[in-house]
Amino acid sequence: MPANSPLPGYTFDQDSARYRSSETGRFVARADILGLLEATTVAAEKQISTLTTAVMEGRIAPSVWQEQMRSEVKNQVIQQVALGSGGFDRISQQSYGRAGADLRELYAKISGTARDIAEGKISAAQAQARANEYAGHARSHFYSAEREKVQPSAPNKVFIERRLLGGGGATCGDCVNFYDAGWQPFNVLPEPGTDSVCRGNCRCSLVRKEVEASEVGEWIGTKK
Amino acid sequence: MTPEQLQKWAESQIQALIALGVDAIDATRSVGWVLDHLPLGADPNSYVFADITMDEPLDDKAIAAARIDWYASPAVPAKYKRLLDAR
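As given, the protein sequences belong to chains Z and W, one line each in that order.
Count the first sequence with the numbering used here and you get residues 2 to 225, in order.
Count the second sequence with the numbering used here and you get residues 840 to 926, in order.
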């Protein structure tokens, strides 16, 4: 995109690990970043659902569904890694490695589901449930990439994290347990979408706070 | 299938994807990938690719595709289109 684009540009502040608008000089609110994460995931889920309905009704071939799924999940994973990393140019080798390994697992699952569809072994509801999980899988990559970038602002400060529930009445038991753990030291809670039965369907988020290292004990386990 | 039948099949799949809201360029690319990787003599209506065939490196081409998809996505508001190209 050219420098004189009419669309607003951004920089990524390495120290605070936050995006900053080049136009206003203001940081982009994390709520907006999480909003983008949610909106792009929901859009991918919708598209994948449409494709899955079409393959189950015989309007597209399983091979074409498979390729569309492959492209969709790959784009999603790369975009969410980039969103958490500070842009496409800041994706670390570690994040690339994690994304590549995860995509290989997803491709195996997509191939298995394509085979089941081709052989008429699964219902439309089962196909939709599986596809929906694949679509939401990229979400965890945002949180992993973001964790790599954040650094405390001073030696006497540390980050603590807390899980917030996002699944409404459908929240799984694992996520409720993570929520009940309250504030925890940085990197202790799993990224939403991992280590829980809801997997790619997880709608939780992870919030972070920087506190004095000497005060961490007052926060751990609380929800204040 | 004969080459002519394969071509006809590809056209029908592209049209079906476009009808589902996939843009024409992506629909053509997607069906082209299927044809490029389809083993000789395989029926494209029932063939399923092995996961190893689907795996391609996360290289510049993959990043470029993800960037195009981000810019084209209606889920990304105009003010955030350039966010992932942050300097």
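Careful, some of the hints might be misleading.
The calculated lysine-lysine pairs, modelled on BS3-like cross-linking and capped at a C-alpha distance of 25 angstroms, are [said to hold, decoys possible]:
1) Z/K110 - W/K920
2) W/K920 - W/K900
3) Z/K110 - Z/K158
4) Z/K110 - Z/K122
5) Z/K210 - Z/K224
6) Z/K47 - W/K918
7) Z/K47 - Z/K150
8) W/K847 - Z/K150
9) W/K847 - Z/K47
10) Z/K158 - Z/K224
11) W/K900 - Z/K210
12) Z/K110 - Z/K150
13) Z/K47 - Z/K122
14) Z/K210 - Z/K158
15) Z/K225 - Z/K210
In short, the hints are calculated from the structure, not lab data.
Nothing here was measured: the structure is a model prediction, and the numbers come from that model.
*Given the hint that Z/K110 pairs with Z/K150, does the C-alpha gap stay at or below 25 angstroms?*
Roughly 30 angstroms separates the two Cα atoms, so the pair is violated.
*Are the Cα atoms of W/K920 and W/K900 separated by 25 angstroms or less?*
Answer holds: W/K920 to W/K900 is near 19 angstroms, not above 25 angstroms.
_Check whether the Cα positions of Z/K225 and Z/K210 lie no farther apart than 25 angstroms._
Given pair Z/K225, Z/K210 holds - Cα atoms ~11 angstroms apart, limit 25 angstroms.
*When you check the alpha-carbon spacing of Z/K47 and Z/K122, does it fall within 25 angstroms?*
holds, 23 angstroms
_Given hint W/K918 paired with Z/K47 - CA-CA distance at most 25 angstroms_ = holds, 23 angstroms
*asked:* Holds or violated: Z/K110 and Z/K122, Cα atoms, limit 25 angstroms.
replied: It holds: about 15 angstroms lies between the C-alpha atoms, which stays within 25 angstroms.
*Given hint Z/K158 paired with Z/K110 - CA-CA distance at most 25 angstroms*: The hint is violated at about 42 angstroms.
*Hey, Z/K210 versus Z/K224, does the alpha-carbon distance stay inside 25 angstroms?*
Between Z/K210 and Z/K224 the Cα gap is close to 12 angstroms, so the pair holds against 25 angstroms.
*Is the straight-line distance between the alpha-carbon of W/K847 and that of Z/K150 25 angstroms or less?*
Cα-Cα ~50 angstroms, so violated.
*Between Z/K110 and W/K920, does the CA-CA distance stay at or below 25 angstroms?*
violated, 31 angstroms
*With a cut-off of 25 angstroms on the C-alpha distance, tell me whether Z/K47 and Z/K150 pass.*
At roughly 30 angstroms apart (the allowed maximum being 25 angstroms), Z/K150 and Z/K47 break the hint.
*Given pair status - Z/K210, W/K900, alpha carbons within 25 angstroms*: This hinted pair is violated, its Cα atoms lying about 37 angstroms apart.
In the structure shown, a violation is registered for the earlier hints numbered 1, 3, 7, 8, 9, 11 and 12, in ascending order.
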